[in-house]
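**Q** Just need the whole structure built from these sequences, with the hints factored in.
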Amino acid sequence: MKTEYDVIVIGSGPAGMAAAVSASDAGASVCLVEREEKMGGILKQCIHDGFGLIRFEEKLSGPEYAWRYEQMVDSRDIDFLNLTFLTGLEPPSPPGSMEGSAIPEKGRWFRLNFISSVRGVFSLKAASIVTAMGCRERTDRQIFLHGSRPAGIFTAGQAQDFINLKGLMPGRRPVILGSGDIGLIMARRFTLEGAKVSGVYEIGPRPSGLTRNVVQCLEDFDIPLYLNSTVTEVHGKDRIEAVTVCRLGGLGQPDPETAELVECDSLILSVGLIPENDILTPLEIEMDPVTRGPAVDQNMQTSISGIYSCGNALHVSDLVDYVSESGYKAGFAAACSVHTKYQMETELIPIESRGNLQYIMPQRLSLRSSEVLSEKAVPVFFRPLIPADEALLVISSGEQEIYRRKLRYLKPSEMQRVEVDFFNSDRINEPVIVELKTPAAGTGNE
Amino acid sequence: MNRKLTCIECPRGCLLMVEKTEGVDREGGELRVSGNACPKGIDYGRQEVLRPMRMLTSTVRTDDCEFPRLPVRLSAEIPKERIFDCMKEINRITVVGRKKPGDVLVQNIGGLGVDLIASGGLRNER
Ligand SMILES: Cc1cc2nc3c(=O)[nH]c(=O)nc-3n(C[C@H](O)[C@H](O)[C@H](O)COP(=O)(O)OP(=O)(O)OC[C@H]3O[C@@H](n4cnc5c(N)ncnc54)[C@H](O)[C@@H]3O)c2cc1C
Ligand code: SF4
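Taken in sequence, the protein lines are chains G and R.
The first sequence: position 275 = 275 (our numbering), numbered continuously.
The second sequence: position 61 = 61 (our numbering), numbered continuously.
To be clear, the hints were calculated from the coordinates, so they are not data collected in a lab.
Honestly, I wouldn't trust all of these hints.
Said to hold, decoys possible - Estimated spans, in silico, between C-beta atoms of each pair:
{"no.": "1", "chain 1": "G", "residue 1": "Leu392", "chain 2": "R", "residue 2": "Thr21", "range": "38 to 46 Å"}
{"no.": "2", "chain 1": "R", "residue 1": "Gly102", "chain 2": "G", "residue 2": "Asp255", "range": "46 to 54 Å"}
{"no.": "3", "chain 1": "G", "residue 1": "Lys406", "chain 2": "R", "residue 2": "Lys20", "range": "55 to 63 Å"}
As the list claims (entries may be wrong) - Lysine-lysine pairs mimicking DSS-like chemistry, simulated, CA-CA at most 25 Å apart:
{"no.": "4", "chain 1": "R", "residue 1": "Lys80", "chain 2": "G", "residue 2": "Lys59"}
{"no.": "5", "chain 1": "G", "residue 1": "Lys125", "chain 2": "G", "residue 2": "Lys2"}
{"no.": "6", "chain 1": "G", "residue 1": "Lys166", "chain 2": "G", "residue 2": "Lys125"}
{"no.": "7", "chain 1": "R", "residue 1": "Lys88", "chain 2": "R", "residue 2": "Lys100"}
{"no.": "8", "chain 1": "R", "residue 1": "Lys20", "chain 2": "R", "residue 2": "Lys40"}
{"no.": "9", "chain 1": "G", "residue 1": "Lys125", "chain 2": "G", "residue 2": "Lys38"}
{"no.": "10", "chain 1": "G", "residue 1": "Lys59", "chain 2": "G", "residue 2": "Lys2"}
{"no.": "11", "chain 1": "R", "residue 1": "Lys40", "chain 2": "G", "residue 2": "Lys196"}
{"no.": "12", "chain 1": "G", "residue 1": "Lys59", "chain 2": "R", "residue 2": "Lys20"}
{"no.": "13", "chain 1": "R", "residue 1": "Lys4", "chain 2": "R", "residue 2": "Lys80"}
{"no.": "14", "chain 1": "G", "residue 1": "Lys166", "chain 2": "G", "residue 2": "Lys38"}
{"no.": "15", "chain 1": "G", "residue 1": "Lys38", "chain 2": "R", "residue 2": "Lys40"}
{"no.": "16", "chain 1": "R", "residue 1": "Lys80", "chain 2": "R", "residue 2": "Lys20"}
{"no.": "17", "chain 1": "R", "residue 1": "Lys4", "chain 2": "R", "residue 2": "Lys40"}
{"no.": "18", "chain 1": "R", "residue 1": "Lys4", "chain 2": "R", "residue 2": "Lys20"}
{"no.": "19", "chain 1": "G", "residue 1": "Lys196", "chain 2": "G", "residue 2": "Lys166"}
{"no.": "20", "chain 1": "R", "residue 1": "Lys80", "chain 2": "R", "residue 2": "Lys40"}
{"no.": "21", "chain 1": "R", "residue 1": "Lys4", "chain 2": "G", "residue 2": "Lys166"}
{"no.": "22", "chain 1": "G", "residue 1": "Lys166", "chain 2": "R", "residue 2": "Lys100"}
{"no.": "23", "chain 1": "R", "residue 1": "Lys40", "chain 2": "G", "residue 2": "Lys59"}
{"no.": "24", "chain 1": "G", "residue 1": "Lys2", "chain 2": "G", "residue 2": "Lys38"}
{"no.": "25", "chain 1": "G", "residue 1": "Lys59", "chain 2": "G", "residue 2": "Lys38"}
{"no.": "26", "chain 1": "R", "residue 1": "Lys80", "chain 2": "G", "residue 2": "Lys406"}
{"no.": "27", "chain 1": "G", "residue 1": "Lys196", "chain 2": "R", "residue 2": "Lys88"}
{"no.": "28", "chain 1": "G", "residue 1": "Lys376", "chain 2": "G", "residue 2": "Lys406"}
Values in this document were obtained by computation on a predicted structure and should not be read as measured data.
We put the beta carbon where it would ideally sit given N, CA and C, even for glycine.
**A** Have a look at this one:
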């Protein structure tokens with residue numbers, strides 16, 4: 001095993017696997033690091049189908065999708081380190097203090113510290129790094145929930161892990177809090193295994209998961225969905241026995257008048273995902289406060305040259321195909337940055353959002369890289385703030401209009417992707433403004 | 001008999017109303033679909049009322065203590081009302097030996113005309 005690599009990829013979910021494959025194909029020496037035993041990330045436990053419609057034009061299950069990528073990784077000269085946890089990341093020391101860098105033309109080395117059950121504590125050097133650590137689930141501590149803390153409270157992902165990987169049932173009469181996709185999918189999974197789901201309670205006015213999942217996971221099995229409702233109290237001493245649920249009143253606060261006791265033996269939380277980037281905190285990488293991932297350019301490069309981000313660590317996606325796509329881009333650019341002189345510090349144009357937009361990704365445009373990587377259209381991702389039956393997306397820079405398109409039936413739960421050709425028109429000099437204009441707030445047809 | 005349902009063929013999610021006229025047999029096709037913004041909604045509404053089909057994915061027991069479950073799926077969709085019958089069959093099975101996605105575990109499961117196939121790998125050591 002080597003101790004120096006062109007590219008080290010952290011995390012072997014769909015994003016990390018794609019990054020390793022594309023970096024290797026671009027000629028880089030690659031090491032893929034994973035804290036678990038097997039590749040695949042969260043896909044290993046997502047046994048339902050619907051993955052890969054864009055990438056493979058097939059409806060695959062999560063493990064099937066992961067397996068295809070695992071084959072691609074295996075068939076290349078990629079070092080895979082499993083059961084290895086990244087504990088720290090040290091940026092290259094400033095140029096002045098370098099005591100004669102090993103291979104100067106390759107730039108400066110990052111040092112990565114690991115702990116592994118097999119190899120103990122060790123470190124590796126990399127010219128560039130792709131972070132693909134995925135996301136973690138919000139837990140009961142991060143949402144406001146009164147009451148004691150009896151056993152029987154799980155996140156939807158934990159429940160998914162128990163049932164699908166371990167074959168254990170976390171409960172027989174669960175209540176599900178939050179209508180995220182994982183929660184909806186777990187409502188069906190519990191039901192198929194003979195459990196009785198009392199209901200799904202969503203604090204917002206609309207389901208946060210995809211309509212398809214509301215229909216096929218809840219309606220198919222007559223599982224009730226309560227909107228504008230939440231759990232306010234947990235009852236039970238050792239094991240959860242019931243929860244109090246309330247509807248929201250006029251001020252958006254739970255209305256005690258509507259309190260109702262619902263018996264259950266478990267509470268499953270599906271209240272959102274947070275990109276996993278703790279490892280980057282000490283480096284003071286610029287983060288996007290909305291996506292909670294790093295702010296990147298169109299090649300997924302973060303504010304620190306040589307560190308790339310992709311997949312759910314970058315922004316939480318609802319389609320795995322987009323996750324893999326970002327991995328490909330990050331891996332390719334990471335490999336190119338080692339072998340070419342492409343530097344991104346220069347000529348960065350910020351991309352700003354206006355109108356009905358939660359966020360926009362990428363957050364900036366690197367002009368120099370487009371020459372080196374001969375890019376064509378740039379995929380631009382966004383989510384609307386509120387549903388819109390009709391909307392107009394306009395992208396401009398100064399006086400120059402770059403893109404204009406009418407879009408229909410946008411929902412915050414469905415991420416949008418458009419391809420924009422930034423490099424065909426006149427050279428861009430001023431900040432890029434992305435605006436989603438919605439005439440009147442649409443209903444989203446709910 | 002009327003039924004309201006949401007079309008899931010595209011993100012628009014039209015609210016469909018499917019009306020069934022009296023005295024018409026199951027396959028007769030005398031179903032009036034309204035609320036659809038495009039023709040796909042008519043097919044979807046008809047299919048959902050006449051013969052809704054679903055994919056089923058689950059897991060089966062293995063004899064591997066480190067990986068006690070193997071993900072499985074059907075080779076094709078089955079009628080929705082047979083899902084629980086099929087789950088019963090699936091939960092009877094224990095797989096042994098090496099498996100990779102696509103391997104057939106049970107042919108013609110429950111007499112439904114579809115196979116139960118592995119959707120993940122087991123003991124595919126690197
Ligand atoms: C619990 C859960 C369930 C989900 N279910 C669905 C679903 O049903 N359908 C759907 O479409 N999407 C689902 N998603 C979204 C899903 O995560 C994405 O579709 C996609 O799998 C994300 O890929 P990724 O490669 O970015 O991250 P992941 O698949 O999460 O992979 C990240 C990998 O990084 C590793 N890692 C993290 N930190 C370190 C470290 N410090 N050192 C070494 N390795 C590390 C992890 O072990 C993991 O293998 C789910 C997400 C979660 C959290
Ligand atoms: S009827 Fe047509 S437009 Fe409406 S949801 Fe179905 S496919 Fe979409």
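**Q** Now tell me, hint by hint, if it's right for this structure.
**A** For each hint, the structure was consulted:
Checked against the hint of 38 to 46 Å, the pair Leu392/G and Thr21/R passes, with Cβ atoms roughly 43 Å apart. Here the CB-CB span from Gly102/R to Asp255/G is close to 53 Å, well matched to the stated 46 to 54 Å. Take Lys406/G and Lys20/R: their Cβ atoms lie about 37 Å apart, and the range 55 to 63 Å is violated. Only pairs whose Cα atoms come within 25 Å are accepted, and Lys80/R paired with Lys59/G is accepted, the gap being roughly 18 Å.
Of the supplied pair hints, the one linking Lys125/G and Lys2/G holds, its CA atoms being roughly 9 Å apart against a limit of 25 Å. A threshold of 25 Å between alpha carbons decides the hint, and for Lys166/G with Lys125/G the separation of about 36 Å lies outside it, so the pair is violated. With a C-alpha separation of about 23 Å, the suggested pair Lys88/R and Lys100/R falls inside the 25 Å cut-off, and the hint holds. Distance restraint check for Lys20/R and Lys40/R: the Cα-Cα separation of roughly 18 Å lies within the 25 Å cut-off, and the hinted pair is therefore satisfied.
The suggested pairing of Lys125/G with Lys38/G holds, with an alpha-carbon distance near 23 Å, which does not exceed 25 Å. For the hint pairing Lys59/G with Lys2/G, the CA-to-CA distance comes to about 38 Å; that exceeds 25 Å, so the pair is violated. Between Lys40/R and Lys196/G the CA atoms are separated by roughly 34 Å; this puts the pair beyond 25 Å, and the hint is violated. For the suggested pair Lys59/G and Lys20/R, the alpha carbons sit about 32 Å apart, so the restraint of at most 25 Å is broken.
A C-alpha spacing of about 17 Å is found between Lys4/R and Lys80/R, which places the hinted pair at or below 25 Å, so the restraint holds. Using a Cα cut-off of 25 Å, the hinted pair Lys166/G and Lys38/G holds, with the two alpha carbons roughly 15 Å apart. The straight-line distance between the Cα atoms of Lys38/G and Lys40/R is roughly 41 Å, outside the 25 Å bound, and the hint therefore fails. Between the alpha carbons of Lys80/R and Lys20/R the distance comes to roughly 20 Å, so the proposed pair stays at or under 25 Å and holds.
Using a Cα cut-off of 25 Å, the hinted pair Lys4/R and Lys40/R holds, with the two alpha carbons roughly 16 Å apart. For a cut-off of 25 Å, the pair hint linking Lys4/R to Lys20/R stands: about 12 Å separates their Cα positions. For the suggested pair Lys196/G and Lys166/G, the alpha carbons sit about 20 Å apart, so the restraint of at most 25 Å is met. The straight-line distance between the Cα atoms of Lys80/R and Lys40/R is roughly 20 Å, inside the 25 Å bound, and the hint therefore holds.
With a CA separation close to 38 Å, the supplied pair Lys4/R and Lys166/G exceeds the 25 Å bound. Proximity of Lys166/G to Lys100/R is assessed by CA-CA distance (about 19 Å); at most 25 Å being required, the pair is judged to hold. Simply put, Lys40/R and Lys59/G have alpha-carbon atoms about 19 Å apart, close enough for the 25 Å limit, and the pair holds. A hinted pair counts as satisfied when its Cα atoms are at most 25 Å apart, and Lys2/G with Lys38/G qualifies at roughly 21 Å.
With a CA separation close to 22 Å, the supplied pair Lys59/G and Lys38/G stays within the 25 Å bound. Taking the CA atoms of Lys80/R and Lys406/G, the gap is near 37 Å; set against the 25 Å cutoff, the hint is violated. With a C-alpha separation of about 16 Å, the suggested pair Lys196/G and Lys88/R falls inside the 25 Å cut-off, and the hint holds. This hinted pair checks out: Lys376/G and Lys406/G have alpha carbons roughly 22 Å apart, not beyond 25 Å.
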